[in-house]
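J.: Listed in order, the protein sequences are those of chains A and B. If you read the first sequence in my numbering, its first letter stands for residue 4, the second for the next number, and so on. If you read the second sequence in my numbering, its first letter stands for residue 116, the second for the next number, and so on.
Keep in mind that a hint or two might mislead.
Claimed, not checked - Label-pair restraints from in silico Cβ distances:
(1) A/Ile123 <-> B/Gly219: 17 to 27 Å
(2) A/Leu128 <-> B/Asn125: 39 to 49 Å
(3) B/Asp259 <-> A/Phe40: 18 to 28 Å
(4) B/Gly177 <-> A/Leu128: 45 to 55 Å
(5) B/Asn263 <-> A/His80: 22 to 32 Å
(6) A/Phe40 <-> B/Pro302: 12 to 22 Å
(7) A/Lys122 <-> B/Asn263: 22 to 32 Å
(8) A/Lys122 <-> B/Val190: 29 to 39 Å
Said to hold, decoys possible - What the simulated footprint calls covered on chain A by chain B, stretch by stretch (three residues with Cβ under 8 Å from a Cβ of chain B suffice, anywhere in the stretch; the number is not a length):
(9) 37-44
(10) 47-56
(11) 77-88
(12) 91-104
Think of the hints as simulated: they come from the structure by calculation, not from any bench. Note that the structure is predicted; figures quoted are calculated from it, not measured. Here a beta-carbon is modelled for each residue, glycine too, at the ideal position from N, C-alpha and C.
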Amino acid sequence: MQIFRMVKAQTGFVLLACMVLLALQQPSARREYVPVFAKPSNTSEPRGTLQGDFDWAGRSSSLTEAAARWQEFIRSHYPANGEYEDDFEHSHVVAAQFELMRVYYLRGQAEKGDEILKKINPLGL
Amino acid sequence: MAAIPQFLINPKTVVIDPGHGGAGHMGGSDGNHAVSPSGVLEKDMTLDLSQLVEAQLNNFGGNRLNVILTRDNDVNLSLAARANVARDNQADIFVSIHFNGFNGATRGVEAFVRPAPGNVNLADDTALAQRVLEAAFRAIHTRDAATNNRGVKRMNLGVLDDTALGNTPANHPCRACLIEVEFIDVPAVDALLNTGPNADQVRREIAAAIKNGILDDLAVHP
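The task is simple: from the sequences and hints, build the whole structure.
T.: Following this line, the structure appears as structure tokens:
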């Protein structure tokens, strides 16, 4: 009888923990996305350009959409050989990496966020 | 033209690279990056300023100074092709001219060199970048104290690649840097350089400053 009660209590705890985790994760995934660096620019560059794609990703309405858009931005604009054209390109690509890192943290995906943080290596270590 | 200065007894070659140009992507070079609030494109500003620098250098050095632009119209070249102009003409100096942009508020002038390893001329490149940066910063600061000197920074920039410039550990004649002349997405900078009543004059002053930075560098490498 005592074993039955313990199993019941443990099952209840696991279920409660799952519910709390779901409750914590679901609202943040749908939460409105407000970028730190990607403020709307005062130009209207088309998609496919660095500025146009940066603005597009920065206008994401939710964290889920922001994650997808920043991933696409980095896929499209991270220089293939790590050689940049100028500071404009460098600052936009690095800002995109920080935005994606932050989105991962806000969504509770710490490992993915840490992966980007290590790649950015802000301390140059 | 005044008397030929000592450092031009041996003729020198300077390559000026107006960043971007044309449309689309070409070997690491985008047609355009920054755009001013009034709609002026970075690629047009880089060409205009480069041509002003070219004219002022020619005016100073005459036939002792061979000044070459990597482009003189609205075309795009790959980053390697731009640097190759320096290699093919055995240039003494290569300066790539860009304008910056980010959030409509950040201001300042900055210059870039390639870090080592991968740059056999790091010390000389840094000295060139410092001379060009300081001169350009002073010219802008005289007109607008809100600008900043953001310093000389190191970055892996394709246009400053040693091999493409023709530099090897045994023979490295070409000193090279890239300058970002202010953030043109800032309304005050747009007025200063494009739409204000003194914009033409300010651009000429910046060109003269870049010219002076280049000449100062040539003077210590006679």
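J.: Hint by hint, say whether it matches the structure.
T.: Right, here's what the structure says about each hint:
1. A/Ile123 <-> B/Gly219: 17 to 27 Å: At roughly 23 Å between Cβ atoms, glycine 219 of chain B and isoleucine 123 of chain A fall inside 17 to 27 Å, so the hint holds.
2. A/Leu128 <-> B/Asn125: 39 to 49 Å: holds (45 Å)
3. B/Asp259 <-> A/Phe40: 18 to 28 Å: holds (25 Å)
4. B/Gly177 <-> A/Leu128: 45 to 55 Å: holds (51 Å)
5. B/Asn263 <-> A/His80: 22 to 32 Å: Given about 26 Å between the Cβ atoms, the range holds.
6. A/Phe40 <-> B/Pro302: 12 to 22 Å: About 19 Å separates the Cβ atoms of phenylalanine 40 of chain A and proline 302 of chain B, which means 12 to 22 Å holds.
7. A/Lys122 <-> B/Asn263: 22 to 32 Å: holds (28 Å)
8. A/Lys122 <-> B/Val190: 29 to 39 Å: The hint (29 to 39 Å, Cβ to Cβ) holds, given that lysine 122 of chain A and valine 190 of chain B are roughly 35 Å apart.
9. 37-44: holds (count 3)
10. 47-56: holds (count 4)
11. 77-88: n = 6 at 8 Å, threshold three: holds.
12. 91-104: Satisfied; 6 residues make the cut.
Hint compliance for this structure: every hint is met.
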